[in-house]
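Protein chains in written order, with my numbering: chain A, 1 to 122; chain B, 123 to 435.
These are computed hints drawn from the structure, not numbers from a lab. One should not assume that every hint holds.
[Claimed, not checked] Under 8 Å between C-beta atoms, here's a sample of chain A residues computed to sit facing chain B: (1) Gly48; (2) Gly49; (3) Ile52; (4) Ser53; (5) Lys56; (6) Ile59; (7) Asn74; (8) Arg77; (9) Thr78; (10) Ala81; (11) Gly82.
[Stated by the list, open to error] List of simulated lysine-lysine pairs, DSS-like, C-alpha gap at most 27 Å: (12) Lys157(B) <-> Lys367(B); (13) Lys85(A) <-> Lys215(B); (14) Lys85(A) <-> Lys201(B); (15) Lys177(B) <-> Lys281(B); (16) Lys254(B) <-> Lys281(B); (17) Lys2(A) <-> Lys215(B); (18) Lys393(B) <-> Lys367(B); (19) Lys367(B) <-> Lys326(B); (20) Lys281(B) <-> Lys403(B).
[Stated by the list, open to error] Covered stretches of chain B, as calculated for chain A (at least 3 residues, CB under 8 Å): (21) 196 to 210; (22) 213 to 227.
Everything numeric in this text was worked out from a predicted model, so none of it was measured. Positions of the beta carbon are idealized from the N, C-alpha and C atoms, including for glycine.
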Amino acid sequence: MKIAITSTGKTLDSQVDPRFGRAAYFVIVDTETMDFGVIENESAAAAGGAGISSGKVVIDSGAQAVLTGNCGPNAERTLTAGGIKLYTAVTGTVAEAVELFKNGKLTEASGPNVEPHFGMDT
Amino acid sequence: MPDNLVIAVASGKGGTGKTTIATNLAHYTARLGQKVQYLDCDVEEPNGHIFLKPKIDFSGAVTIDVPQVDLEKCTGCGKCGEICQYSAIICIKENVLTFEQLCHSCSGCWRICPADAIKPKPLNIGDIEFGKASGVDFVGGKLRIGYVRTPSLIKEVKKHIKEDHLAIIDVPPGTSCPVVEAVRGADFVLLITEPTPFGLNDLKLTVGLVREMNLPFAIIINRYGIGNNEVEKYCAAENIDIVLKLPDDRRIAEAYSSGRIIVDVLSEYLKQFSELYEYIKRIKVGINDKRRLRVRRKNKSGFRSSSSCTQDP
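Put together the whole structure using the sequences plus the hints.
Shown next as structure tokens:
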């Protein structure tokens, strides 16, 4: 399956970006083959609505799960509407995050874990 | 008497005394028989009512239009999401989500929808109050907590500027969109500052704003005596009038902190406000004719379609 990981860089060795809506990149990884693609997040510096437009980008990428640090309510609502599973509080590198996911070590989030605008100050 | 004049009381820095000046000026001129109106456009944190203590005659909700989607009619084409610049509406797998708080009421989504599935519906963003306070005609806007459509509410408050009154607008602090909306169309702007480095820094930003908007203005220095004389040097170099210097007087702070009007409790300050009033009387109405007319015309033609206020009796 394809999963999206918020990333500070363009490789599997990059650190997971702690913000969803304003993440620098989305790394889309095929968990079977470890093939990956990188999407630069155009909403990273948006004035508002970053979580929603980022959510749309991830849904359109065909990913079925999102691994990130923090996710606000608008993004969470968007991802849920797209049928995407959300995993928050993920840290380390993108590769490590994928490994944890594959081994079933991550717990699915039951909702947003931060308030709106969380990613604007970090 | 300046019965046809709109004065905006603004400042870059917060807490310099906008409301103190605006409420005292309104109260003082009303005592002299001036037909005067005070409009609280600091709608995120209105406090003019604390000093003027108006008796509110009626109030009403201010609404803006946001999209309402009929999913039965929706074909999931996604055009609404593409046109929205604020991600306030988005189409996800043939399901349309709306985020009302992000909506700027541009009407793009309901206009572009080919299936006629989107209709505007009113969203309450705040309230507007009307009342009287010892001869002062009072209008105050109050934004609902958590809502960000400040300029829309300010616009609504300003529609109630009366043509035959001296209108005093209490402007929010800073130099952002709400400030631009509040000073827009004013005949004259009084910029309040304090004689400190912070005061001067933010004053310069605000002077830049009013010059950009081509609005005539002058400066009032509050808490005069603290800080340094850099504000005065700046005004001299820039050829800007300083119309009033209100001293740093503990008794003023005490009056303020107990919600009282300075001119009521400290009669020696009547002179300062008298001078300010005389200065205002000399302001030429029409100096900024086009802008003034724009405000007035809105007032005459009633409510704009993008926002409206329903008044409860």
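Any of the earlier hints contradicted here, and which numbers? none
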